[in-house]
Structure formats: structure tokens, C-alpha cells
Amino acid sequence: MGLLRMAARTAVVAGTATAVSGRVSRRQAARYDQKAEAEQYEQQQQYAAQQQYAQPAPPPPPPPAPEDESMAKLQQLAQLHSQGVLSDEEFSAAKAKLLGI
Amino acid sequence: MDEAEPYARLADVYDEVVVDPCYDRWAAYLHELWSSDHDGVQTVLDVCCGTGLMSAELTALGYRVVGVDRSPAMLARARHLLGPDAILAQQALPELTIGGVFDAVISTFDSLNYLSPNELGTSFSALGRRLRPGGWLVFDLHTDAMMQFTMNHPVVEGQSDGRRFVISSVVDVAARTCNTRIVMTRTDDGDIFSEQHAQHFFTDTEVRDALAAARFELVAITDEYTHTPADQSSLRATWSARRLAT
Numbered sequence: 001m002g003l004l005r006m007a008a009r010t011a012v013v014a015g016t017a018t019a020v021s022g023r024v025s026r027r028q029a030a031r032y033d034q035k036a037e038a039e040q041y042e043q044q045q046q047y048a049a050q051q052q053y054a055q056p057a058p059p060p061p062p063p064p065a066p067e068d069e070s071m072a073k074l075q076q077l078a079q080l081h082s083q084g085v086l087s088d089e090e091f092s093a094a095k096a097k098l099l100g101i
Numbered sequence: 001m002d003e004a005e006p007y008a009r010l011a012d013v014y015d016e017v018v019v020d021p022c023y024d025r026w027a028a029y030l031h032e033l034w035s036s037d038h039d040g041v042q043t044v045l046d047v048c049c050g051t052g053l054m055s056a057e058l059t060a061l062g063y064r065v066v067g068v069d070r071s072p073a074m075l076a077r078a079r080h081l082l083g084p085d086a087i088l089a090q091q092a093l094p095e096l097t098i099g100g101v102f103d104a105v106i107s108t109f110d111s112l113n114y115l116s117p118n119e120l121g122t123s124f125s126a127l128g129r130r131l132r133p134g135g136w137l138v139f140d141l142h143t144d145a146m147m148q149f150t151m152n153h154p155v156v157e158g159q160s161d162g163r164r165f166v167i168s169s170v171v172d173v174a175a176r177t178c179n180t181r182i183v184m185t186r187t188d189d190g191d192i193f194s195e196q197h198a199q200h201f202f203t204d205t206e207v208r209d210a211l212a213a214a215r216f217e218l219v220a221i222t223d224e225y226t227h228t229p230a231d232q233s234s235l236r237a238t239w240s241a242r243r244l245a246t
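Protein sequences, first through last, are from chains R and H. Under this note's numbering, the first sequence has 99 at position 99, and the numbering climbs by one with no breaks. Under this note's numbering, the second sequence has 21 at position 21, and the numbering climbs by one with no breaks.
So here's chain R without its partners, still in its complex pose (with noise of 0.2 Å):
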């Protein structure tokens, strides 16, 4: 298929959009990091040979303070998941990765 492809492509594309999860993840597990640096920077390569295909990229936001973003994100998957679009087992699993818990 491709849609862990898309997460992985989508994750750096996004930048902001998955920072928290990936920066709680990141230090959670403190012993993948060197294996992190290199799935990056693989996704890197891979974003630069797909970028000359890509709609150019709006400029990204500022980032907002870390809590807050938190918050957000957090509330933004309560709503996923009061609309059902993310299952209980879905938005535990995100919400206990969001917390670092």
C-alpha cells in the first residue's frame, strides 16, 4: 500500500504538525535515537527527490510554546475521537504517546 510510507513522508513534510509526538517518542525511547537520526535523515533524501514534484510548501508557522501545543494536539484527538474517526484503543495509544505516559 503505502500509507506508512505516507505517515513516514508526512511527519517530516508536515514539520509542526507531528513535532510533539515526535519529540515525547524521541524521549521516551532515548536508545532509538541513533536509529531515529537515520530513518530522518532517509526521510530527508526521500522528501528531497520527491520535493521537485511537490506543491511548494507554505512557510511554516511559528512554532508555538511547547504546552500549548500539547493542548492542542490533545484536544484536537478528543474531537477525532468523539467524531469516531479514531477508535478508544486509537486514542489511547496517541494520547498516552502525546503525555509521554
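In short, the hints are calculated from the structure, not lab data. One should not assume that every hint holds.
To be verified - Derived list of chain H stretches under chain R, where covered just means 3 residues or more per stretch with a C-beta under 8 Å from a C-beta of chain R:
no.: 1; stretch: 141-154
no.: 2; stretch: 163-176
What the hints assert, rightly or not - One side only, chain R facing chain H, incomplete, derived with CB under 7 Å:
no.: 3; residue: Thr10
no.: 4; residue: Val85
no.: 5; residue: Glu89
no.: 6; residue: Glu90
Virtual Cβ for every residue (Gly too), placed ideally from N, Cα, C.
The hints should help you fit chain H onto chain R, whose structure is shown.
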């Protein structure tokens, strides 16, 4: 919200939103790999051909390609792309009822990750029966690094080609499975659908054993259709094997 069968709705946006422009590079790799075969590779069975992008690349390189896929919606797209003369058939692994003997069988873009470990072995045997002795089986699979990446990014949101999407993944590390939900909304009219895709992360040993049991000789495991050997950072590993003569 429309809860669709895998690919039933995704098919319409697959080429625009889901894939990257990777198939020309992947096809060039296969072309080079097969040029080393003195018996020559002319015929290719594209298993899980999807919208037909890979078949189209290989056809342009002069191969005679037959495509099969589980999803009628994806096959309809492939028909549109490849034209009325293309040979396409609806087939769902691990069953393979199509006949013929091919020089090579491919399955790209982690299609085989949709199978269970048992089904993988059965599928390899079925694919081997469609190959001449020395024929090639080339496929790619998600790696442990991809499993780790997915766990680190349980929810990813983005926008592409007038669609807003949310990809949420639940990884079961013990079972080595991943349930991925994609929800896609068309931004201009709010049309929304959801699909759930279940995949399995195979261990290296599982794949090696399944290949050996189906009488394949492993040639190489490389990083995503390159000549670089796959390592711990590879998100996608390309496996090349050949059917043993006996």
C-alpha cells in the same frame, strides 16, 4: 462517514495522494538486476499491481506484464492506465489461480505485508509455481525500523491534492501487527471516507524460512530497490530470490 473496504475508496486518490514518484527508479533497478540473467527476462507477473503504475513502467521498458490484484477498484484504475489490451485479473493471495509461466514475479510497495506468516509461505509456493527454473521473485517488505517509526508516530495528519488525511496506527509489538486507519476528507465539499488496513511485520527469519521452504534461493536484501544492503535504518527492504532449478 463511508467505511470502505481497503482500497475501495482509496483507489480514486491513490496515485495522486498515496504514492511518491518512485516507480521509475524501482523499475530501473529491476531492469538492471534482470539484465544479469543470461536466460533473459521478458515476462513479468505483477502481483498486487494496484493502479498499475509499476506495470506501466515495466511495459515501457519492453517487458510483457500480467497484473493481478485483490481489489476490483484498484484493477479498474489499472485498466484505465494500461488500456484495453493489458492482461489483468482479480486474484487474492495466498490463492493464485492464474496460469502461465513467467521469467519474473514481483510484488511491490509492501503488498505482501498484508499476509500472515502462514499465508506468506503459501503465497511463495504459489508464486514459485508460476516461475520457470531460475526465475526471479522480487518484493519489498516493511522492516523493524518501519515498525518503530510507526509506533513513534501513532497519528499523522496532512494535506495533499485537495484532501485532508489522518493516518492513525496501532502497532502490536508482540504480534508484530499494525492496524492503520486512514480518514480522508475532500476539502472543497467535505466528502469523507475511512479505510482500515491490517499489516504484519515479518521477521527476517520468517521470510528466509518461507523462501527456503518454497524452494527459492535468496540473492539479496537491499535498501528499497537500490544496491545498498538493507541495514537497521532501512524502512523498506527489497528481497530478491530465484526459483531453484529442481
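Each hint tested on the structure:
no. : hint    : in the structure
1   : 141-154 : holds (count 10)
2   : 163-176 : holds (count 6)
3   : Thr10   : holds (4 Å)
4   : Val85   : holds (5 Å)
5   : Glu89   : holds (6 Å)
6   : Glu90   : holds (5 Å)
Going down the numbered hints, you'll see the structure goes against none, and every one checks out.
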